[in-house]
Structure formats: C-alpha cells, structure tokens
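Just so you know, the protein sequences line up as chains X and Z, in that order. The numbers in this note's numbering rise by one with no breaks, and the one at position 54 of the first sequence is 54. Positions in the second sequence are counted from 1; adding 1000 to them yields this note's numbering.
Treat the hints as calculated values from the structure; they're not laboratory data. Think of the CB as a built atom: it goes at the ideal place given N, C-alpha and C, for glycine as much as any other residue. Treat the hints with care, since some could be wrong.
[To be verified] Some chain X residues close to chain Z (C-beta under 8 Å, calculated; not the full set):
1) Ala65
2) Lys72
3) Asp89
4) Tyr97
5) Ile178
[Claimed, not checked] With a cut-off of at most 20 Å between alpha-carbon atoms, the simulated SDA-like pairs for lysine to any residue come out as follows:
6) Z:Lys1138 with X:Arg49
7) X:Lys45 with Z:Ala1165
8) X:Lys99 with Z:Tyr1167
9) Z:Lys1168 with X:Pro47
10) Z:Lys1168 with X:Gly20
11) X:Lys99 with Z:Lys1168
12) X:Lys99 with Z:Asp1054
13) Z:Lys1057 with X:Asp25
14) X:Lys43 with Z:Asn1137
15) X:Lys43 with Z:His1105
16) Z:Lys1138 with X:Val55
17) X:Lys99 with Z:His1105
18) X:Lys99 with Z:Lys1141
19) Z:Lys1011 with Z:Lys1168
20) Z:Lys1138 with X:Lys99
21) X:Lys43 with Z:Leu1059
22) X:Lys99 with Z:Pro1111
23) X:Lys99 with Z:Leu1059
24) Z:Lys1141 with X:Lys188
25) X:Lys45 with Z:Leu1136
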Amino acid sequence: MEIKMKPTRDGFGEGLVELGRIREDIVVLSADLTESTRAAWFKEKFPERFFSMGVSEQDMMGTAAGLALSGKVAFACTFGAFAAGRAWDQVRVSLAYMKTNVKVVGTHGGISVGEDGPTHQANEELALMRILPNMTVIIPCDAIEAKKATIASASCPGPVYLRLGRSGVPVVTKEEDIFKIGKAVLLKEGKDVTIIACGVEVYEALRAHEALKKENISARVINLHTIKPIDKDIIIKAARETGAVVTAEEHTIVGGMGSAVSEVLSQSCPVPMEFIGVKDRFGESGDPKELFKLFGLTADDIIKAAKKVIARKNARD
Amino acid sequence: MAKQPDINELKKIAKEVRIEIVKMLNCAGSGHTGGSLSMVELLVGLYFYKFNCDPSKPLCNTRDIFVLSKGHGCPALYAVLAAMNFFSKDELCTLRKAGSRLQGHPQRGLPGVEISSGSLGQGLSIANGFALGARLNKDPKRVYCLMGDGELDEGQVWEAALTSAHYKLDNVCGIIDYNKFQIDGRIEDIKGLEPLKAKWQAFGWEVFEINGHNIKEVTEAYDKAEKIKGRPSMVLAHTVKGKGVSFFENKNKYHGVAPNKEELAKAIEELETEK
C-alpha cells in the first residue's frame, strides 16, 4: 500500500484557513517565517487579521498576548527553536502566567528539519514548554491530526504550544478519527510491551508493531499527541497490563515526552522503561532519513528497545 | 470645551499617593521605594485626569488600557488604583504578603491591573497588541504603557518600538520614567541611553519631553499625545528617583529597599509638610 506523505505544517495551514473562515476572532502573527510556517495561507485569505512581526519573536509573543487580552485568539508562528528558545521568558510571563489565549505554533520541530542543522532543529522545546504552568502541549502525528489539533486549540482556553514538522510524514490517521486534546489514542492493542509515541515517531511505532508481531511479540501502540495535560489513565493502564514501556519522540529524552510518561509511571505504576529520542546532544545537518538512523529514531531502534525492555521485565519477574 | 485639569487637586492626590506608598512599603518590609515615588505624577495625571475607566466595571470594553511595564513600580499603581476605588485602601497593607492579591510585582486579576509584569521589557509589545486589537474592534480606546529607564536596556523594547511605528499605532502612548538610575547605579555609568529623545524620534515616535513631577506638564503631554495621528507618542518624563522624601531622592540604595519605622515617620512628616 502506498503511503501518503504530507508535512504536519500543511495540516496546520489548512486548519488555520478553516478557522479564519468560521471564526472572526482568529488572528495570526508571524516572525518573518510566514511561508515556512504556512501562516501565509491564512494571510492570503484574511490579510486584515494577519500581522507581520519581522524577526522579533519576543515582541511577537507580547503582541499576541495583547491581542488575546483584546478578545482575540492569537496564533503566533515561528520555528519551534525560536518560539521556545528565544522567546521563553515572554512565553512564561506574557502567556503562561497570564493565561493569555495565545497559540504558539512551532514548526520545524526535531531533526527532520534536516539540512539546516542544529540551530534550526528544535529538540528541546517540548521540555521548555511543558514545564510551564497553564501550558498545553500538543504534537500531532500527521497532517490530518495537525489540522484537527489546530482547530481544537482555538477552543482550548489559555496558551497552547503546537509542535509541527517541516518534512513530509506518513499520514497514519483518518479524517473520521476523533481528536481530543489531552486524550491519547490507542492505535494497536498489545500485551507484551507498550510503545508510547508522539509526532512522526507514531509511524515508526506502528512499523515496529508489525515487525514485532512477526516475532510473536504483541506490542501495544499509543499515540500520545498531548503531553500536557497528560492522559495518565491510558498510560497507567498500559503499564499495568503490559508491564514494560518504550517511549519514542523526535526530541531530547531529557525532559520530553518520555520524561513526562516516566513522571506518571514512577508515581503510580513503576515498570521498566526505555527511551527512544535524541540522546542529550545537538542535532546536525543531513538528509532526515539518514539522520533518523544516525540518531536512533527508526522502527528498528524501537524494536530493539522493545525487546530489551521485555527482557528487563522478565528478569524482574 | 475640553476638560481642564484641576492642578491643585491633582497635586493633593499625588501627595496622598506618596504617603500610601511609603506606608505600604514599610508594612511589607521590602519593595521598590525609589522607582515607585518617581512615577507618582505620571500616574495621577493619567488616572485622575485623562483616563477613561470605571472602577466599578474594571473590565468594561470601552475602557482605556494602562500597561505597567516596570512592574516593580507597582506600589505606586496600587496606591492610585485604591485611591480610584478599584479596591479598598485597607488592602494596601497586604502588599507582598502570602495570599494577597497585591503581589510583589503586579498580577492580572487584581481590579485595574491589565497585565502581569515584573520581567522587564515586555509591556510595550503587549500595549501594541491591545492597540491592534482595539483597531480590529473599531474601538477608540487609548493604550498607555509606562516603562522604566533601566528597562530600556531590554532589546524587546526596541523590537516593540519598531512595531508601534510600523503599524502607525497612534492609539499608543508610551511613558518613560527617566529617573536616571538603575539597580547597579547611574544609567550613564551602567549603560547610557542618551540621546534618548533622538532615539525614539529616529524610531518614528512623536516625543514630548517634560518634567515628570510637574503635573501641568504631565497632563498637557497626555492631551497633546492624543492629537498625534499616524504615529505613536512617547512622554519622556524627567523624574527624580525617590521623589518627595529628601533622604530617598537620588539615593540608589532605596531602589529595592523599603523604609523602616523611623524612616517612615520622617518621610510622612516631610510629605505632609511639603508645599
């Protein structure tokens, strides 16, 4: 079967245009990355509600906060590295502390940015965003989910961080699938191990599931598209029933989605865990496919981790 | 005929506000004395003359917006808001205490406080957002943003200055409390700002340079700023840090130190006998 490839930023662009059409209160700001973030699609249709901020991410966050305090729902768009890195204090005080209705859109998340290299690859921003009180953090796994997440975030009170990617990623969800912020999705049942994934790693997790099945290993797969607020119930249930967990994210394993899952499990149902993600290092330039191999983010890496964590579980029994 | 300010009445209010500020800071045992006292006339001239608001409906849609970017000056804002009856004067003595709405730096939620601030440099961007929102809403409100001089070291201020001018936000009126000191010392020694008026002019702003303790000049500047079309206005107010109490004036030690019991008694005496 041929797999359709589409970047999550495209799903965002479509969602934004849809929102602009149905809601008068949507405004969009961009820090000089209007085409790259797909904010341009909104600008073309609703120029009077679009604001170019130039290369000033800090100023953009504050301006978005002021617009939000005037009754608007403001989408502030730039690369994830700059949204969370350059403007973190503004996100902390002007957005999170004040609970302003600003949706921070960080495209170009992870090493799948590719050739532009480490400064442009956001591998730390999920950690920076999720530690802030009042913040919601969403990582759609494909373009369809990104469109739904965009539309849903406009109705989610307070600040939201939406993490999107540059490169085309396989479309793994369907239009009719239900997306609810904070509610993870059980994609595959399984009893030996649970793979919890977000973003493009959801596809890798599904591939790992199929390969493990051939070896008679039953792997549950969960799409944890919202890491804050985190769906504790589905995580604890999976840990109880499978006794071993692998997390997979295109982000540093320090403080990211895997850390969020381990915070839940260490308190409620400690089981052996393995973390797939960037191993406390910066990214580098290259073809995204090659980088995924180099950084250990492929289905093969998940398979190895699954086998390892099952062995650890069995050694404990 | 346009409304005329009652200068003597405004002076009297400014004196009362100063007394509330030193009392409140003494009660709290900590806080920013110098920079609160330097901005008193700037606030009194605004709230008791120019500003459109209804303290009984603090979130009324047609209200003007005041953004305190130099959040550490909040004792002055709290005293003014209490004098305006946004909340009771009795609450002033809860400043900085656990459970109080009067946080050490202002928090949105207290009636009359539009933004949470304290991390410097963020206010003007938010003011621009309010101004753009007002434009979209076809709302004639004005947006005022008070900044400190030390705060102008923050890069975000100048990003925001470009934005106000680019979007021709003539509904924005910036105010600078130019008291010539920052925590580490004199502005000119730490990081000089001059020529400050020319900098704002070069950024596309109309600048009104005034004595920030002369209430007539303050109210006139706000009136003139309202008439400027097509670009934002800045009231560049020369002030004295610790103004009104001789032993606080230009003594940078009192940037972040509250008056003790003896200092409070002397300060109130001076303020009450001041002409």
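Going down the list of hints, with the structure as the test:
1. Ala65: Because about 5 Å separates Ala65 (chain X) from the closest Cβ in chain Z, which is inside the 8 Å limit, the hint holds.
2. Lys72: At 6 Å from the nearest chain Z Cβ, Lys72 (chain X) passes the 8 Å test, so the hint holds.
3. Asp89: Asp89 (chain X) check passes; min Cβ-Cβ to chain Z is 6 Å, inside 8 Å.
4. Tyr97: Status holds, d = 5 Å.
5. Ile178: At about 33 Å, which exceeds the 8 Å cut-off, the nearest Cβ of chain Z leaves the hint on Ile178 (chain X) violated.
6. Z:Lys1138 with X:Arg49: 13 Å, holds
7. X:Lys45 with Z:Ala1165: Not satisfied, since the Cα-Cα distance of roughly 25 Å exceeds 20 Å.
8. X:Lys99 with Z:Tyr1167: Violated: Lys99 (chain X) and Tyr1167 (chain Z) sit about 26 Å apart, past 20 Å.
9. Z:Lys1168 with X:Pro47: Status holds; Cα separation ~17 Å.
10. Z:Lys1168 with X:Gly20: 25 Å, violated
11. X:Lys99 with Z:Lys1168: Violated, at roughly 28 Å.
12. X:Lys99 with Z:Asp1054: The given pair, whose Cα atoms are some 24 Å apart, is violated under the 20 Å limit.
13. Z:Lys1057 with X:Asp25: 23 Å, violated
14. X:Lys43 with Z:Asn1137: 19 Å, holds
15. X:Lys43 with Z:His1105: This hinted pair is violated, its Cα atoms lying about 37 Å apart.
16. Z:Lys1138 with X:Val55: 28 Å, violated
17. X:Lys99 with Z:His1105: Distance ~16 Å between Lys99 (chain X) and His1105 (chain Z) Cα, so the pair holds.
18. X:Lys99 with Z:Lys1141: Roughly 23 Å between the alpha carbons, so the hint for Lys99 (chain X) and Lys1141 (chain Z) is violated.
19. Z:Lys1011 with Z:Lys1168: 34 Å, violated
20. Z:Lys1138 with X:Lys99: 25 Å, violated
21. X:Lys43 with Z:Leu1059: 31 Å, violated
22. X:Lys99 with Z:Pro1111: With a Cα-Cα distance of about 16 Å, the restraint between Lys99 (chain X) and Pro1111 (chain Z) holds, given a limit of 20 Å.
23. X:Lys99 with Z:Leu1059: 16 Å, holds
24. Z:Lys1141 with X:Lys188: The hint is violated at about 55 Å.
25. X:Lys45 with Z:Leu1136: 16 Å, holds
Of the numbered hints stated above, those contradicted by the structure are hints 5, 7, 8, 10, 11, 12, 13, 15, 16, 18, 19, 20, 21 and 24, listed in ascending order.
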